[in-house]
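Undergrad: This is what each chain is made of:
There are 2 protein chains.
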Amino acid sequence: MMSPLTSAAERAQLAMMLEVCAFPKPGNVDRCHDYADTKLEHFLASTIFARPALEEAATGKGRIGEIIGHAVKQTNVHKGGNTHFGAFILLIPLVYGGGIDGAVQAVARTDVSDAVAFYKAFALTNVRMNKTDEIDVNDPKALDMLRDRNMTLYDVMQHSAPNDMVAREWMNGFILTRRGADLLHQIGPGREAIVEMFLTLLATEPDTFVMKKHGRAVAEEVLVKAREVMDGKKVLETLDAEFIAAGINPGSLADITIAAIYIALSEGWEWDS
Amino acid sequence: MMSPLTSAAERAQLAMMLEVCAFPKPGNVDRCHDYADTKLEHFLASTIFARPALEEAATGKGRIGEIIGHAVKQTNVHKGGNTHFGAFILLIPLVYGGGIDGAVQAVARTDVSDAVAFYKAFALTNVRMNKTDEIDVNDPKALDMLRDRNMTLYDVMQHSAPNDMVAREWMNGFILTRRGADLLHQIGPGREAIVEMFLTLLATEPDTFVMKKHGRAVAEEVLVKAREVMDGKKVLETLDAEFIAAGINPGSLADITIAAIYIALSEGWEWDS
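Just so you know, the protein sequences line up as chains P and Y, in that order.
All letters in the first sequence, in the order written, are residues 1217 to 1489 by the numbering used here.
All letters in the second sequence, in the order written, are residues 1217 to 1489 by the numbering used here.
Heads up, some of the hints might be wrong.
It does not matter which identical chain is used: a pair holds within one copy or between any two.
Taking lysine to aspartate or glutamate and the EDC-like style, the derived pairs with C-alpha atoms no more than 16 angstroms apart in a straight line are [unchecked claim]:
id	residue 1	residue 2
1	Lys1441	Glu1421
2	Lys1255	Glu1408
3	Lys1255	Glu1486
4	Lys1449	Glu1437
5	Lys1450	Glu1412
6	Lys1295	Glu1486
7	Lys1295	Glu1436
8	Lys1289	Glu1272
9	Lys1295	Asp1488
10	Lys1255	Asp1488
11	Lys1429	Glu1486
12	Lys1441	Asp1456
13	Lys1441	Asp1364
14	Lys1336	Glu1282
15	Lys1450	Glu1437
16	Lys1357	Glu1282
It is worth saying that the hints were derived from the structure and are not from the lab.
If we strip away everything but chain P, and leave its shape as in the complex, we get:
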C-alpha cells in the first residue's frame, strides 16, 4: 500500500506541511493564523529542515533517541522556537519502524542512551514541563539520574504518560495515531478531511498540552465546544476565534494529527484530490 511516488521521509514532511496548512484549526497556527512568536513559515521551515533526520529514521538503523535529537537540532535554526518536538516523538519511531507495528517494537527496544540523547534535545526546546515532573531537564543532575536509575526512553515516556497524550502513544500502541488515520480513510480524500479529523479528536480526547497550560476544566470545556461545532450548534471559525483569544492551542492533538496523516498517507490516503 506504500505509495511508490514518495519516500517515507517525504510522507512525514507532507504530513507536517498538511497539518499546519489545514484550516480553520481551532486555536493552532494554520494557513490563516500565526502566533506572535511562531508563524506559519516557522512550521514550514522546520518541515524542510527535518529532512535529514527523517531520512536517518527511514533507514531503520541507529538509535531513536538520538534521531529525535537530530530532528530537534536540525529544526532549531530559526527564531520560531519549538515547532514539532511532540510530532518528532511520534514520527521518528513511526518512520523508523515503517509503521505502527514496527514503531511499537522500536520504542520497546530503547535504552538509557536514548533517554540521555532525548533529554539533551529536550533541553534545546521550550517545551512546557509539567510541574510535577521529577526530572528537570534544565538540571545537569537529570542526566546522571537517568543513568543511575537505568531509565530507558520508554521508561521516560511511561513516566510522562499520565500527563502527556503524546508519551501515552508509546504505551498504548499509538492508539490515537491509528484512530486519526482511520478517520482520514473514513472521511475520504482531500485536505479538508484533516480539519474534520482534528475536530473529531478534539471533541473526544482532552488535549494534555491545554491541560498543562490551563488545567483540566478548560481542557474538558474544549471537548464540549468542539462537540458543539460537530453538532452544528457553533461555527468552526467562531470556535477558532474563541480559542485564539483565550490562548487555547491544542498542540498535543496537532502532534497526533501529524502522525495520523503520515500513517494514512503511507496506507494510500490521498491528500490531493
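Go by the hints and put chain Y onto chain P.
TA: Leaving out everything else, chain Y in the frame of chain P:
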C-alpha cells in the same frame, strides 16, 4: 556571507516556501488564495519534493539540463500540475554555480545534451508555449531538430528570451534576480519585505507570463496598477482581488522572486526576524 545554519538546497527550498506563503501577492497563489487546480499545498509539496535535485545541483557536478529535468520529475508527483518550472530554470544554475557569477558560467557551458534533457522535462509540464515558438515540445521531431542544429540549452534560452523574462535572466547575468535580492537587502529583514519587493518588480517589469496569456496591453496595465498601490492610490488587497478576478497571475515574476530570495538568503538576508 553564506549562512552556516542552512545548506544551499535548504535555502532554495526556503525561498520557494517563503515566496508562496508571502501575501497578499497580487494574482498569485499565496497564503490566503488558491487557484482552482493548483493550491498552496501543491506549491509546498513541490518545495519538499525538489530536495534531491537541489542537492544534486549543490554538488556543482553533472549537467544543468538534466538536473532541471530531475527537479521537474520529482515535483511532478501531485495533481497540482507545474508549480516551479520557471523557478528551477533559475534556481538550479544558481545553486549549481554557488551564486550568480557561477550560474552565468554554468549556463554558458551548457550543450545540446542539456537542451535535450530540458525539453524532455518540459514535455512533462503544462507550461504555456508561445505560439510563435518554432520548437514544439510535443513534437517528437523537436529533439531531432535540437540535435541537428546543435542547439545548447543556452541557445534555447536565447531563442525564448524575447518573450520570456526567465529565459532572459540567462542572457543578462540574472539582472532581475540581482535586483530582487538587492531590494530585499534594502527593504530589510522579515517576510513582509518579500511582498514589497514583488510589488516593486511588478510596477517596473512587464511579466512575460501575463503577456503570453493576455497580451502586451494587459501586461503593461499591470505595471500601472502596481504603481498605484506603491503610490498609495490603491490598496494591495484590492489589486489582488482584481487580478484574481481577471485571471492575471504574474508567474514569471514569482519565479524571479524565488531566485532573488535564494540569493538574498545566501548573502545573509534574514526572513525570520
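Undergrad: The structure should be examined with respect to each hint, and the outcome stated for every one.
TA: Status of the hints after comparison with the structure:
For the identical chains of this complex, Lys1441 and Glu1421 are intra-copy neighbours only, at 12 angstroms inside a copy versus 51 angstroms across copies, given an alpha-carbon limit of 16 angstroms. For a Cα distance limit of 16 angstroms, the shortest separation of Lys1255 from Glu1408 across copies, 13 angstroms, qualifies, whereas the shortest one inside one copy, 21 angstroms, does not. Taking CA atoms no more than 16 angstroms apart as the test, Lys1255 paired with Glu1486 passes between copies only; the shortest distance there is 15 angstroms, against 26 angstroms inside one copy. Taking the closest pair of Cα atoms, Lys1449 and Glu1437 come within 16 angstroms of each other only inside a single copy of the chain (15 angstroms); across copies the shortest separation is 47 angstroms, beyond that limit.
Taking the shortest Cα distances, Lys1450 and Glu1412 sit within 16 angstroms of each other inside one copy (14 angstroms), while across copies they are farther apart (38 angstroms). When the C-alpha separation of Lys1295 and Glu1486 is checked against a cutoff of 16 angstroms, the pair qualifies only between copies, where the shortest distance is 10 angstroms, while the shortest distance within a copy is 33 angstroms. For the homomeric pair Lys1295 and Glu1436, neither the shortest alpha-carbon distance inside one copy (32 angstroms) nor that between copies (40 angstroms) is at most 16 angstroms. Taking the shortest Cα distances, Lys1289 and Glu1272 sit within 16 angstroms of each other inside one copy (14 angstroms), while across copies they are farther apart (24 angstroms).
With identical chains, the CA atoms of Lys1295 and Asp1488 are at most 16 angstroms apart between copies only, with a shortest distance of 6 angstroms across copies and 31 angstroms within one. Taking identical chains as interchangeable, the C-alpha atoms of Lys1255 and Asp1488 lie at most 16 angstroms apart only when they sit on different chains, with a minimum of 10 angstroms there against 24 angstroms within one chain. Taking the shortest Cα distances, Lys1429 and Glu1486 never come within 16 angstroms of each other, neither inside one copy (35 angstroms) nor across copies (32 angstroms). Taking identical chains as interchangeable, the C-alpha atoms of Lys1441 and Asp1456 lie at most 16 angstroms apart only when both belong to the same chain, with a minimum of 10 angstroms there against 35 angstroms between chains.
For a Cα distance limit of 16 angstroms, the shortest separation of Lys1441 from Asp1364 qualifies neither inside one copy, at 45 angstroms, nor across copies, at 70 angstroms. With identical chains, the CA atoms of Lys1336 and Glu1282 are at most 16 angstroms apart within one copy only, with a shortest distance of 9 angstroms there and 42 angstroms across copies. When the C-alpha separation of Lys1450 and Glu1437 is checked against a cutoff of 16 angstroms, the pair qualifies only within one copy, where the shortest distance is 14 angstroms, while the shortest distance between copies is 45 angstroms. For the homomeric pair Lys1357 and Glu1282, neither the shortest alpha-carbon distance inside one copy (20 angstroms) nor that between copies (54 angstroms) is at most 16 angstroms.
In terms of the numbered hints stated before, the structure departs from hints 7, 11, 13 and 16, listed from lowest to highest.
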